[in-house]
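Okay, here's what each chain looks like letter by letter:
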Amino acid sequence: MNLEINKKINGKNAFLTIHGEVDMYSSPLLRKEVMKIANQKIENILIDLQDVNYMDSSGVATLIEGLQLCKKYGGTILLAGMQDNVREVFELTRLDKIFKIYNNVTTAKAELQK
Amino acid sequence: MFKTVEIHFPSDPELLSVMRAAVAKVCHIAGFSKKMTSKIVLALDEACSNIIRHTYKGEIDQEIKIISRIKPTKLEFYLLDQGDPVDSTKIKSRELHDVRPGGLGVYLIKSVMDEVKWEKGSDNGNRLYMYKTRPKRRQSES
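Here the protein sequences come in this chain order: A and B. As numbered in the working numbering, residues 1 to 114 make up the first sequence, in order. As numbered in the working numbering, residues 115 to 256 make up the second sequence, in order.
Each statement offered as a hint is correct.
Mimicking SDA-like on lysine to any residue, the simulated pairs with C-alpha atoms at most 20 Å apart in a straight line are:
| # | chain 1 | residue 1 | chain 2 | residue 2 |
| --- | --- | --- | --- | --- |
| 1 | B | K149 | A | R87 |
| 2 | B | K149 | A | Q50 |
| 3 | B | K185 | B | E229 |
Calculated directly from the structure, the hints in this document are not laboratory data.
Sequences and hints are given; from them, build the entire structure.
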């Protein structure tokens, strides 16, 4: 598998750190982890993407699905540390307007503490 | 004269990363920037994923062939499959304001490439043609 996901849950916040490439092959693993957390109704899911060097539309679709599930219970997904080519996919599809996107994990965590 | 590179691989999603690496090399040779190379690789990946998902319906042992041609002014790609014919009039991008999972692949392909055409393959199957104009400073080099 060209994708590795580390998960930590701390109260109302979940932290997912993803390493590798998110494509048609690996996105089912990301979906499984995101849905598992969203099904626990964790309020904030912070996904660290700084080590994700590729994401296609199946990865984006997974995150949209997760966000829509979160919104049903008043939760949200925060995306942090996107590499330029991954950010490009979000910009091309205008999903940068839908997700909360932060330059890095530190900024995103600061947002959670507000 | 133009340089041609053919990539053949089975319709196994695990091998998409191999295809992406090869296409990135071709883009580099054609003189595209790192940023544009990422976009072209994305377009090819989306097109191959669509073939696997929709034409081959997830079967992992069918053939996908990519023919890339570095021409003086453009980089062309032909993607060939041996699946059932696809009705090209039914291949559509979804509206971006309709935020939902899925349906973004065709939009991404069309937004990256200069021309995209789905056609019937010469023997059977389907052929997807697309090209991207090469950066001006490199057009005369091959």
